[in-house]
Amino acid sequence: MAELVVRDVHKAFGPVRALAGVSLTVPAGSLAAVLGPSGCGKTTLLRCIAGFERVDSGEILVGGRVVTSVAPHRRRVAVVPQEAALFPHLSVFENVAYGLSRAERRSGRVETVLSLVGLAGYEARMPHQLSGGQQHRVAVARALAPRPPLVLLDEPFGSLDAALRADIRRDVREALRADGATAVLVTHDQGEALSMADEVAVMRSGQIIQCGPPEAVYSAPADPWVASFIGEAVLLPAVVTDGLARTVLGDLPLASAPVRKAEDAVSGEAGMVLLRPEQLEIMPAKATDRIRATVSRVDFHGHDALLSLRLADGTTVAARVLGPAGAVVGGEVSVRVRGAARPL
Amino acid sequence: MLPHPALALLASAAIVVALIPLVYLAVRVAGAGWQRIVDEIFTARTAVLAGRSIGLAAVVTLACVVLGVGSAFLVTRTDLPGRRVFGVLAALPLAIPTYVAGFAWVSTVDNFAGFWDAALVLVLCSYPYVYLPTAAALTGADPAQEEVARSLGDGPWRAFMRTTLRQIRPAVVAGGLLVALYVLSDFGAVSIVRVDVFTRAIFTSINLGFDKTGALVLATVLVALTAAVLVGEVLTRQRGARYARLSGAGRPPARIGLGRLRWPAAGLIAAVAALALGVPAMSLLRWVAAGVSRPGSLAEVAVAAGNTLWVSALGALLTLLLALPVGLLLARAPGPLATVVDRLAYLPHALPGLVIGLSLVSFGTTVAFALYQTVWLLVLAYSTLFLPLAVGAVGAAAAQAPPALEEVAKSLGRGPMYVLRTITLRLTAPGLGAGAALVFLTCVKELPATLLLRPTNMDTLATELWTHTSFGAYAAAAPYALLLVLVAAVPTWWLSTRTGVSTRARLPITTGVAAGVPVEASAGTDLSTTAGIASAEIASAGMVTPGTSTGAGTRG
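These protein sequence lines map, in sequence, to chains P and F. Read in this note's numbering, the first sequence has 343 at position 343, and its numbers run on one by one without any break. Read in this note's numbering, the second sequence has 248 at position 248, and its numbers run on one by one without any break.
Bear in mind the hints are in silico, worked out from the structure with no lab data behind them. Built from N, CA and C at the ideal position, the CB exists for glycine as well. Each hint should be verified, as a subset may be incorrect.
With beta-carbon atoms standing in for the labels, derived distance ranges [stated by the list, open to error]:
1. Phe13/P to Gly232/F: 32 to 42 Å
2. Arg421/F to Ala222/P: 46 to 56 Å
3. Arg421/F to Glu59/P: 50 to 60 Å
4. Ser107/P to Tyr418/F: 16 to 26 Å
5. Ser151/F to Val329/P: 24 to 34 Å
6. Asp161/P to Pro156/F: 30 to 40 Å
Isolated chain P (complex conformation) (with noise of 0.2 Å):
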């Protein structure tokens, strides 16, 4: 168990600023999640922080050692690849005890990963025999073995069928917990970033755009491209005007803690307002209602549906609905906002 620190951590390939300037902390025995869309550099991070890749730049610390010049397997890093990647010529048994000393091997510590896992009495299979939800459960036990401070996992679930990645998580984010190992885990996955980690940290462009627990970032996200990559966004013009934010919804509630500058807050300045989905609320047109709106299109999704609404001036937004939604497309709803807006 230990904290790991990312300190202003450069890393260019060629022309290519990878990594402009990272700075992330993880602290001790959490599970942080680096999300971001594919290309953003947190591949690179991870590799970064594993030593596979050296850094321009900046200073790793893991557990408050300096390992930015240490060599990979110096580090007590363990790692688990994208594609599991098990020693295929080794068994499973062999695969999980390639880190540890022979007295370790014999020690039963093998066989406790693997219970961790959820694989208890696979020892014996070779690499080939597991199905591609097993195979990434080894090398979660592989990497957990040799008991790392720190253990780095690159979209390890990226290719498994959503089912059995919702299951695989929850063991994994278990065995992690159950093993006291801090961990790192890149996603482009935002349920997975968020279902999983303490801690997510937002990326973009080789930089981190924002840090914190999922709650946090996914109620007051930073800026707006934050807001719509982590779940449905629902971003309106607003004036605001004595704590109240006017916008085409109607006078809404600004939620505390604005994350923007003090001199933004000027009172009857236009800014922009987040909701989210879930805080739009339909019901059955009634003449009287003010706000109402025209269903463009319902993605039923099962356990909700999303409705995109559209407004009598034009603007589109999103509204969830839980269970069937009720509403058909070209159907006239009245809208009510429950809950307060957030300023951008």
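Got chain P; can you put chain F on it based on the hints?
For chain F alone, coordinates are given in the frame of chain P:
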């Protein structure tokens, strides 16, 4: 900055060694003076030789493409009766050196000599060079694409023409160019069947002891012809690279029904097999008994066999040593330097063995006196000639141990040497072994360079066969021919067991497994394992990307 400075340095050193014959040839020819060169090149005789060499190459290549593509299609994509057997038979001629085939025909048919007779022998020996890559491409082509074409309204033939045929075109062209190179550089068959082309003329002028410079200049013209074919090869390779298969369904493609043509087609392909394999087999059977009963013959054969084995083993060892840094550089640090090194390594392989031998003879008599008349000069010739075979094998082997595995191993706290021993070497050993065997096999069969560079009084199987045949002593030659075929067959068999059926049980050495995707090797691997061997040969000749060599063997 170089990513792997040590590797780059070693690879460059290996290339320098491999380029000795070529550089020396250039130096000697330049030293002859322009007037001399011009006098030598612009003669009626050179023109005749060039015409005949090009004509032979063209005729043989064309016939090989027809025969190779035809049999590949029949075997892989139709309901031809006995297609599995024919699939193996069509690959087998590759194991027969052209001079053995030449011996077989000359000793069977009276007055077997001249252009068309030589063309027949060369076609029958080298059509597998087209057949194998084409068959591999046809088997590997994604059936889903034809299905898509069908669903868009194409009939079975039309779908085949519009999707699959276009994809296998690079394989066919590459195979054809390989045949052309092979014919230009062939020495054994043309000299036994007595047709005057460049290689034979060069050998005659050195062997009769006159005019070394003349021979060198003729060799340069031959090099120029080879270079022209090579340029064509590089152009097709660049295009071929874009036809890589994108994932795709792992099913065998649908077969097209031949209808009433089934049995005639089978008869045709059987006739080709009878000519390519039956004639040599008959000839060997006919002469071997007489040859073995000659007094003292067994001892001679044993000595020659021993010489062949240890010289070839040395050749394979040195070749692999030189190939290791080059192959690793290509696999791990691709870039401009690696590309240049790869092309340079390929250069001597494309040259006729006779030219390499000739150049090294001059090198030994004028520079490296210490090496002259030792086996080391011969071993150097082998490693120069066959370096690309080993480089391809090393590259394919390195693909079995992708960098991700080494990174994971290091992240688990293991030092570089431990990782090298437990991961990299363990995974690459089968591929390296296969590469060494491939080079060994090729060294055993090599004739012209061996003929020129062997120390006096040291005879190998190939040279004994050649000497006896040129005196018309067919009975005396037969045991050597038989042994050559046997010795060449053992590594072939070993290679098929390594790359084929047994892999699934013991060592999953396919790239698919390394990437975490299990690959099923089905039972009917006979064709594809043989294809695996030859495609290793072809891949290392630069025609197919490395990695397909062993991969093709297990795709089944």
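Exercise. Which of the numbered hints above does this structure break?
Worked result: 3
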